[in-house]
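**Student:** This is what each chain is made of:
Protein chains: 2
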Amino acid sequence: MTFSLDRSIELLERTPNVFKIMLLGLSADWTATNEGGDTWSPYDVLGHLIHGERTDWIPRAEVILAENADKTFTPFDRFAQFEESMGKSLAQLLDEFAAVRSQNLDRLRAFNLTDQDLDKKGVHPALGEVTLSQLLATWVVHDLNHIAQISRVMAYQYKNEVGPWIEYLRILNS
Amino acid sequence: MTFSLDRSIELLERTPNVFKIMLLGLSADWTATNEGGDTWSPYDVLGHLIHGERTDWIPRAEVILAENADKTFTPFDRFAQFEESMGKSLAQLLDEFAAVRSQNLDRLRAFNLTDQDLDKKGVHPALGEVTLSQLLATWVVHDLNHIAQISRVMAYQYKNEVGPWIEYLRILNS
Chain A
1 MTFSLDRSIE LLERTPNVFK IMLLGLSADW TATNEGGDTW SPYDVLGHLI HGERTDWIPR
61 AEVILAENAD KTFTPFDRFA QFEESMGKSL AQLLDEFAAV RSQNLDRLRA FNLTDQDLDK
121 KGVHPALGEV TLSQLLATWV VHDLNHIAQI SRVMAYQYKN EVGPWIEYLR ILNS
Chain V
1 MTFSLDRSIE LLERTPNVFK IMLLGLSADW TATNEGGDTW SPYDVLGHLI HGERTDWIPR
61 AEVILAENAD KTFTPFDRFA QFEESMGKSL AQLLDEFAAV RSQNLDRLRA FNLTDQDLDK
121 KGVHPALGEV TLSQLLATWV VHDLNHIAQI SRVMAYQYKN EVGPWIEYLR ILNS
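For the protein sequence lines, the chains are A and V, in the order given.
Once you know that position 113 of the first sequence is 113 in UniProt numbering, the rest is easy, because the numbers rise by one and skip nothing.
Once you know that position 124 of the second sequence is 124 in UniProt numbering, the rest is easy, because the numbers rise by one and skip nothing.
It should be emphasised that the hints constitute simulated quantities derived from the structure, not laboratory data.
Small disclaimer: the values here were computed from a predicted structure and weren't measured.
Mixed in with the good hints there might be a few duds.
No copy is singled out in the list; a pair is fine if it fits within one copy or between any two copies.
Derived lysine-lysine pairs resembling PhoX-like cross-links, with alpha carbons at most 25 Å apart [stated by the list, open to error]:
(1) K88 with K20
(2) K121 with K20
(3) K71 with K121
(4) K71 with K120
(5) K159 with K120
(6) K88 with K120
(7) K159 with K121
(8) K88 with K71
(9) K120 with K20
(10) K71 with K20
(11) K88 with K159
(12) K88 with K121
Just chain A, with the same shape it has in the complex (with noise of 0.2 Å):
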């Protein structure tokens, strides 16, 4: 498929809702729990998107539509997710995400963005150039990508219970 905006905002206005369902009211023992050493809980991966919605997707998009010469992206902090989330409850952050996932996809849509728009530029601080469609694409992708990451890491949890059926899942050994 090649990239579409109605097709990519389908997917991102269905992701907070996608982590309520799996995660609201969830044990502890599956929402707090990680793969072990400095790995990500699903309540860790909760407040990183939390802090993509504020500091990388909308903020950069609209770094490539500005009038401005410089197009180099502020980096993504990949771990001011700990010291923001302190204290917030799962259902708060849950909450959180669906607030300011909502709000940026308004400004997504008040870009009113044409084929041209999409084609233009920014500077990644590592990865170079990039075109505005590749960092919407790369924002859905980003979103199935934690999808995913928290149905490993839950999964995680039972990796010693399931006997001999983890030969049979995918997602224990990857």
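Assemble chain V onto chain A, guided by the hints.
**Tutor:** Same frame as chain A, now just chain V:
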């Protein structure tokens, strides 16, 4: 985490709604496409889950719990969904999955399983001896495996659209 019936049901009862929120009303560009060759689309995965509800998890639990001497499970047909789903819409499959899962969780609760029951054994046609708790843990992880899979299959549709970000997106490299 060691196996817990309550913690397992917490996840099992959410899965039909997770699929509904992720897929209902979404374009066929996302739901009917796969990763190439004879890989599965989200629509195919849903048919597979329904077939599992009918022939795998609870029927196998019943083999383990029954008084019969023969504890060998009937082999699972991984391709039955291609015939069984034929002519059905995605919305129909989502409703069907919700209905059969709900019935199966009623049956699971009605077993009133004791810790002794959870240690009872059946014989998997390929894997050999397995316990009831391993079967039930596998049911949970199998759900999560397929949530991760449909996320990966949908992400794949944008594989060529994310540009240089591909190297940061584990879901496109797994």
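**Student:** Which earlier hints can't be squared with this structure?
**Tutor:** Going through the list in order, the structure violates hints 2, 6, 8, 9, 10, 11, 12 and respects the others.
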